[in-house]
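Line order of the protein sequences matches chains A, B and C.
If you read the first sequence in the UniProt record's numbering, its first letter stands for residue 1, the second for the next number, and so on.
If you read the second sequence in the UniProt record's numbering, its first letter stands for residue 1, the second for the next number, and so on.
If you read the third sequence in the UniProt record's numbering, its first letter stands for residue 1, the second for the next number, and so on.
Honestly, the hints are just simulated from the structure, not real lab data.
Predicted model only: the values in this text are computed from it and were never measured.
By construction, the Cβ of each residue, glycine as well, lies at the ideal position given by its N, Cα and C atoms.
Any given hint could turn out to be false.
Only pairs whose alpha carbons sit at most 30 Å apart, straight line, appear in this in silico DSSO-like list of lysine-lysine [what the hints assert, rightly or not]: (1) B/LYS191 x C/LYS44; (2) A/LYS192 x A/LYS156; (3) A/LYS253 x A/LYS171; (4) A/LYS216 x C/LYS97; (5) A/LYS192 x A/LYS216; (6) A/LYS253 x A/LYS216; (7) A/LYS192 x C/LYS97; (8) A/LYS253 x A/LYS192; (9) A/LYS156 x A/LYS171.
Under 8 Å between C-beta atoms, here's a sample of chain B residues computed to sit facing chain C [to be verified]: (10) GLY43; (11) ALA175; (12) THR241; (13) ASN242.
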Amino acid sequence: MSETLELVRETPLLQLSMQQAINRALGEILEHDDRALIFGEDVGVLGGVFRVTDGLQQRFGANRVFDTPLAESGILGTAIGLAMAGFHPIPEVQFDGFAYPAVNQIITQLARMNYRSRGRLPMPVTLRVPSFGGIRAPEHHGESLESLFAHVPGLKVVSPSNPQQAYHLLKHAASMPDPVIFMEPKARYWNKAAVDLADDQDSISLEGSVIARPGKHATLVAWGAMVSRCLQVAELAAEDGIELEVLDLRWLKPIDEAGLAASVSRTRRAIVVHEGPHTAGLGAEVAALVSQSCFDTLRAPVERVTGFDVPYPSGDLEDEYIPNIDRILFGVQRVLEYRRG
Amino acid sequence: MRTDIASTLHWQQHEPALDAGRAPVLLVHGFASSTALNWEATGWVRDLTAAGRRVLTVDLLGHGESSAPLETDVYAPSRLRAAVLEVLALAGIRVREAGNPATGVDLVGYSLGSRLAWELAAERPDLINRAVLGGMSAEDPLADFDLDAADRFLADASAIAHASTASLMTLMQLAPGANAPALLRLVAAIKAERFEPGASVPARPLLFVTGDRDVLATGTTQLAALAGGSEVLWLPARTHTNAVSSRAFKQAAIEFLGR
Amino acid sequence: MAEISFPLPDLGEGLLEATVLEWLVKVGDQVERNQPFVEVETTKSSVELPSPIAGIVLTLHGEPGDVVLVDRPLITFAVADDSAGIVGTVPQEAAPKRRVRLSVVLDED
Chain A
1 MSETLELVRE
11 TPLLQLSMQQ
21 AINRALGEIL
31 EHDDRALIFG
41 EDVGVLGGVF
51 RVTDGLQQRF
61 GANRVFDTPL
71 AESGILGTAI
81 GLAMAGFHPI
91 PEVQFDGFAY
101 PAVNQIITQL
111 ARMNYRSRGR
121 LPMPVTLRVP
131 SFGGIRAPEH
141 HGESLESLFA
151 HVPGLKVVSP
161 SNPQQAYHLL
171 KHAASMPDPV
181 IFMEPKARYW
191 NKAAVDLADD
201 QDSISLEGSV
211 IARPGKHATL
221 VAWGAMVSRC
231 LQVAELAAED
241 GIELEVLDLR
251 WLKPIDEAGL
261 AASVSRTRRA
271 IVVHEGPHTA
281 GLGAEVAALV
291 SQSCFDTLRA
301 PVERVTGFDV
311 PYPSGDLEDE
321 YIPNIDRILF
331 GVQRVLEYRR
341 G
Chain B
1 MRTDIASTLH
11 WQQHEPALDA
21 GRAPVLLVHG
31 FASSTALNWE
41 ATGWVRDLTA
51 AGRRVLTVDL
61 LGHGESSAPL
71 ETDVYAPSRL
81 RAAVLEVLAL
91 AGIRVREAGN
101 PATGVDLVGY
111 SLGSRLAWEL
121 AAERPDLINR
131 AVLGGMSAED
141 PLADFDLDAA
151 DRFLADASAI
161 AHASTASLMT
171 LMQLAPGANA
181 PALLRLVAAI
191 KAERFEPGAS
201 VPARPLLFVT
211 GDRDVLATGT
221 TQLAALAGGS
231 EVLWLPARTH
241 TNAVSSRAFK
251 QAAIEFLGR
Chain C
1 MAEISFPLPD
11 LGEGLLEATV
21 LEWLVKVGDQ
31 VERNQPFVEV
41 ETTKSSVELP
51 SPIAGIVLTL
61 HGEPGDVVLV
71 DRPLITFAVA
81 DDSAGIVGTV
91 PQEAAPKRRV
101 RLSVVLDED
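Using the sequences provided together with the hints, build the complete structure.
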């Protein structure tokens, strides 16, 4: 009987873009969890400015997928109240830079309600935020807020780098009792890749970091859209005889200290790459963790290749701002040629 | 770029994506308008550069981004034309050479700009190849403007009895960025130096384009007859205000200047 | 495909309406971003309006001579589902380009 079932089971392997993968995950969450609700600006009738919630209102009705006024503080306040009443809200803040009006709700209520109520009011809220730059958009549409949110006790922060991870990490985040900031790299929304839909906890890791490409000479640590760029860099470095490991950090709070230490203790060199500004960026945290865990084996100080300490620039300048292949290669070169002395 | 001509005149060059090797086209806007309103928002600069023409634009004194001195003499039409010629010199416009279509300059004017283009074409046949004259009047619509009533209106909002003065005043009030006190100096200067089409008639090829509901641009037929062999295009259902953005106008101008 | 409508924008100085002079596109046309799609007149000037996105024209809201109100729909486009949203553009996938080459002597111990 069970053998027969095994034979007819189709392998659910699909080519999906990240927006399609997230759309599919949201649909499944709504289907299986009748306390899940999706709301935000334009997520209902329009189906999201990036089509991520396309068709969900038609499928599940306007009571479960609904449009809100243009007021992020209100969106998060609504989510907090709904969570207190036993719902599982999945609000969307339309763009990273629109999260600022909601920061008070996020930090002073969402992140600490569970703590404040001694566990009686958990906040199972998954806040989706299309994040980072790379799409030539105007101000407030290209910001990196991970270090801001990672600094807040009570929040979890995660950023998928491909459709497969987006699908599974979103479903995982929505099943958690804690508030999760789900940072979708909008520059990667349109890239298609194979997605294994099987919810097989053994084959798909949901916690911690993953090695996106193994290598031995140095580790590139990245998340979100920078992972695919670092994979390109690793491919180019291989032409020069340098084998770079790419560690996709994925969870930015909590950071996978053990996975980070394991990779860098093998390669003995690390370059952390992120889009956000340099000072107090999450790269500083990564560098500190690596220094602490790998101090004896490190061959060079941890290099940071990041955005600059300026407001995120207009679209025509973003190629100069976001770490590009050459800037990352320079970082690799500096780490490789470093000599103690 | 600002010319030294009182270091006050704002002019620009707009390069074509693919240069057709033809003479540049100078655009001269109308009263209380500007390069931005008359030529950019209406699509003229885009369509001409797309047709391979280098385009020169100039904000006449008192308009757009040019300065707006509060004195009358500087606005004399003869001085406005001298300023335009200086812009042409600065832009490197060369005197027409037979058989070389890249030399000289073509003109497109609208309303007051057409009056200036008519006079320029008559005065400088060595420089001007062809001219398109839009919304042009044989008589200055500004010549019987009641300046005193306009000054009183600006001072204390007294009603203006004279109908065309009142409507021009409304235009000046409505036009974005229009500098009414400076424009009244221009009106005074025009009243002192009226348009006399018969005084000098262009010998260069001309195309007149007028909306058939344009009540300000009177005398198109008469002007076309004066300048023998010129062409006329009537734009159906267009007025003085809305003829300028007409696609038929732009297409006819591009075709005419491309000959 | 998704439908996206655009309203008549505020053309400045508090004007609340404009008159359609001439449509420069017709239903079914593929329109590129920044391509002028309509000529409209306000009480003070006439202008061409550029399209904010690329798409196929589904509906033109008004005939030449009709008055349209600011913030009311002017044109509706059909856009591909994988086109960018209201803002931004889809990043182009290009082969990675480099100028920097790595040159190091690895003295592994």
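Going down the list of hints, with the structure as the test:
1. B/LYS191 x C/LYS44: holds, 24 Å
2. A/LYS192 x A/LYS156: holds, 27 Å
3. A/LYS253 x A/LYS171: holds, 17 Å
4. A/LYS216 x C/LYS97: holds, 23 Å
5. A/LYS192 x A/LYS216: Holds: A/LYS192 and A/LYS216 sit about 29 Å apart, inside 30 Å.
6. A/LYS253 x A/LYS216: holds, 26 Å
7. A/LYS192 x C/LYS97: OK: A/LYS192 and C/LYS97 at ~21 Å, within 30 Å.
8. A/LYS253 x A/LYS192: Measuring from Cα to Cα gives roughly 27 Å; hence the hint holds.
9. A/LYS156 x A/LYS171: Holds, at roughly 14 Å.
10. GLY43: holds, 4 Å
11. ALA175: This hint holds: B/ALA175 lies near chain C, its Cβ roughly 6 Å from the closest one there, short of 8 Å.
12. THR241: holds, 6 Å
13. ASN242: holds, 4 Å
Comparing the model with each numbered hint stated earlier shows that all of them hold.
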